[in-house]
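Chemist: Residues per chain, in single letters:
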Amino acid sequence: MKTKLTWKIWLWLIVLALSLVSIFITPNFLQKGVLITNVEQNSSAFEQGLRAGQVITAVDGKPVTSVEEFSKIINSKFPSLEKIKTTFTAKDAEYVTYSNTSSGIIVSKLPLTNLKLGLDLAGGSKALVKASNHTLTASEAADLVSIMSNRFNVYGLSDMKISTVRDLSGNNFISVEIAGATQKEVQDLISQQGKFEAKIGNETVFRGEKKDITNVARGGQEAGVYDCQQTASDYRCQFRFTIYLSQEAAERQAAITNTLDVNSTASGDELSKTLDLFVDNKLMDSLQISASLKGRAETVIQISGTGVGPTQNDAITAAQDNMKNLQTILITGSLPFELEIVKLDTISPTLGNDFLKYILLASLISMIIVAIITFIRYRVKAALAPLAVCISEIIITLGIAALINWNLDLPSIAGILAAIGTGIDDQIVILDESRHKEESLNIKQRIKRAFAIILGAYFTVVASLIPLFWAGAGLLTGFALTTIIGISIGVFITRPAFADMIKLLDKENAS
Amino acid sequence: MSSFYSQHHDFIYKDISLSGGTSVTISDGTINLAELSKFLSGKLDDANIRGVSDLATQKQIAVIVETRSDKETTQKVLEEYLKYPLNDKNSSFEFTGSSLGDSFYNQLLIAMVAAFVLMAIVIFVQFKTFVPSLAVILSAFADIFMTVVAINLMGMRISSAGIVALLMLIGYSVDTDILLTNKVLRREGKTLNRKIIESFKTGITMTLIAIASTAVCLIIAGPYSQVLYQIFFIMLFGLMFDIMNTWLTNVSIIKWYAIHLQKKKNEN
Chain E
3 MKTKLTWKIW LWLIVLALSL VSIFITPNFL QKGVLITNVE QNSSAFEQGL
53 RAGQVITAVD GKPVTSVEEF SKIINSKFPS LEKIKTTFTA KDAEYVTYSN
103 TSSGIIVSKL PLTNLKLGLD LAGGSKALVK ASNHTLTASE AADLVSIMSN
153 RFNVYGLSDM KISTVRDLSG NNFISVEIAG ATQKEVQDLI SQQGKFEAKI
203 GNETVFRGEK KDITNVARGG QEAGVYDCQQ TASDYRCQFR FTIYLSQEAA
253 ERQAAITNTL DVNSTASGDE LSKTLDLFVD NKLMDSLQIS ASLKGRAETV
303 IQISGTGVGP TQNDAITAAQ DNMKNLQTIL ITGSLPFELE IVKLDTISPT
353 LGNDFLKYIL LASLISMIIV AIITFIRYRV KAALAPLAVC ISEIIITLGI
403 AALINWNLDL PSIAGILAAI GTGIDDQIVI LDESRHKEES LNIKQRIKRA
453 FAIILGAYFT VVASLIPLFW AGAGLLTGFA LTTIIGISIG VFITRPAFAD
503 MIKLLDKENA S
Chain H
254 MSSFYSQHHD FIYKDISLSG GTSVTISDGT INLAELSKFL SGKLDDANIR
304 GVSDLATQKQ IAVIVETRSD KETTQKVLEE YLKYPLNDKN SSFEFTGSSL
354 GDSFYNQLLI AMVAAFVLMA IVIFVQFKTF VPSLAVILSA FADIFMTVVA
404 INLMGMRISS AGIVALLMLI GYSVDTDILL TNKVLRREGK TLNRKIIESF
454 KTGITMTLIA IASTAVCLII AGPYSQVLYQ IFFIMLFGLM FDIMNTWLTN
504 VSIIKWYAIH LQKKKNEN
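Protein chains in written order, with this note's numbering: chain E, 3 to 513; chain H, 254 to 521.
Please note that the accuracy of each hint is not assured.
[Stated by the list, open to error] Not the full set, but computed from the structure, chain E residues with beta-carbon under 7 Å of chain H: (1) Lys79; (2) Glu224; (3) Asp347; (4) Ile349; (5) Leu358; (6) Ile361; (7) Leu362; (8) Ala416; (9) Phe461; (10) Asp508.
Hints are computed from structural coordinates only; laboratory data are not their basis.
All residues carry an ideal CB built from backbone N, CA and C; glycine is no exception.
Based on the sequences and whatever the hints tell you, model everything.
Modeler: Right under this line is the structure:
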């Protein structure tokens, strides 16, 4: 017997197919390698033209198919005190870099789908920041976002999202999301106001402003990590980099140093007071001033500091990170407000992976239970249809999420589950209505009655979810969004198709 | 409930996502919970410890510590006990400042009230009659209210996710109520009791399925995430109360109303 599919069923099948395309056809479909998620600016790799989004297939001629393989090669070479050569093979070309400070490249597994997992599942850091002792206006918040984005760019992190968030009571927050593993320094970059001051005694010589500092050296001979020493408990490495003062600042320094005495020490003649470097009013380092600088308007100044770690490599890395942090502050200037982190989540990527497996397992088992109960209750073939409809609803919701680049976080997944739950409820209503054969109504009318109930429930649920879009600084938007997408797909695409299927089955039975 | 409010000056026990504090998940199966708990008392403010076990092997795979202390203090104290540094490979931190927690909580309460008002408007527009609409709204309110009371009695701390779960209850609650009201009041023919029994059959299948799948999700995915644990736990209770509220209270109101309508018709 030939069954003709209705346009509603066709629509459902087409949307389903498009969703599968949207989820699985990635830009790097069927490719092998690792995906670059971040390239540090000013790194050798960046200068050679490597960028986030490219796919690395080999390092130094060795093929790379996983992040582990990539890290193994890189970690065996860096950190190193000498500059060494590394060859990266990408899809289109080879890039040769010379560097001593790791590769500057952060990679991730080539994604199999276009779905983006939220930080609470994929790992990463998420922070909500507000100004302490000040209520940010929308435009102040926007300014802060641009300064902070600049900071992250100068620091070399591009794989992050930074935006302003407004909550129900009109407070403005800045939300920063950084994917993947993150360093402790990121927290500093977010919350540090970055007020830099160099003082001799109580007098300020220069500040971290464009007016005082005209240029900050970031590489080559003028910046780097130099001496490493072992102490009783750990290793300490020193970093040094050159900054260039404006004439005005240099003369201020000359006037102040002119008043100081000269002391003779074992390491040479030095001035009686040190140049003290403060970041946000905290002393970072004190530098001896050579006697030859007394009263001289010197524009080239060496800034230094230390990094501490349990091993020498850790100390080198710490010193490099501290140097980068300080350079970033000096280049981008201080923030106009003192900031406070009101929420900070750093989620380990390992836990997220396990967790996703269990969510899938849980959904699978619950769907089987649903199928069993509906089968027991209705004892018809049609009872198994809800299962197919459910799975298709999940696929279509995920397809839309991939299409609009939505980050699937935990609340979003809860939303999908909620939508499936209502979906099943609705299908039971349809199944039930369609079975009341004793009535004088035909199948079409019976299904129409089912939809009266379904639409009623639909609009009620949507209404109750709308306030969540604004409450809680956007942290629960995902839940509201996926639930609404999910139940809308259900009511407008899959349920009509399901109802038509029931009608077809009904006809088949009748004939 | 009112005695709870007068004791705690609030409706619920709030967890750190609403009151401010730090939650740390440490992926380490060798931590002794009792020992850690003893070590932390006095060092961390209001510390709460829970183990996470693998579903298949029942072996402990992680420990979750919740405290009102801030992130730095918590990390320092924990590292002191563990004798190794916590980093983004072996641990997850979630910190919420107390000011944000407070405003978060207030906003979720506002969202809840707003959701209720919007829901009520949609219901009234749908049924255009006062009593049945009120019955639906009352039943949703009763579901949420009873769930909150039950959770308070168990001493469970509610997180922002828990409040979302309470919102989700509105959806599941109105499903069955709308079904009942629609079938009983809007359809001709059949006796009143017959109509009620029919909608009961459909409605109870819906709710039982929801309960069964929520329970499965709670058992499997719950242990791994505070967020999902709260959502499923609260939903499970809410759904059970929904059976009671819909099929005892709501049904009585609708039945009374239907008989009342019938009488009116007969009088005319």
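Chemist: Run every hint past the structure and note whether it holds.
Modeler: Evaluated hints:
1. Lys79: Violated, about 21 Å.
2. Glu224: violated, 32 Å
3. Asp347: Holds, because the Cβ-Cβ distance from Asp347 (chain E) to chain H comes to roughly 4 Å (cut-off 7 Å).
4. Ile349: holds, 5 Å
5. Leu358: Where the cut-off is 7 Å and the nearest Cβ of chain H is about 9 Å from Leu358 (chain E), the hint is violated.
6. Ile361: Holds, because the Cβ-Cβ distance from Ile361 (chain E) to chain H comes to roughly 5 Å (cut-off 7 Å).
7. Leu362: violated, 9 Å
8. Ala416: holds, 5 Å
9. Phe461: Holds: closest Cβ of chain H sits about 5 Å from Phe461 (chain E), inside 7 Å.
10. Asp508: violated, 18 Å
When held up to the earlier numbered hints, the structure conflicts with 1, 2, 5, 7 and 10 and fits the remainder.
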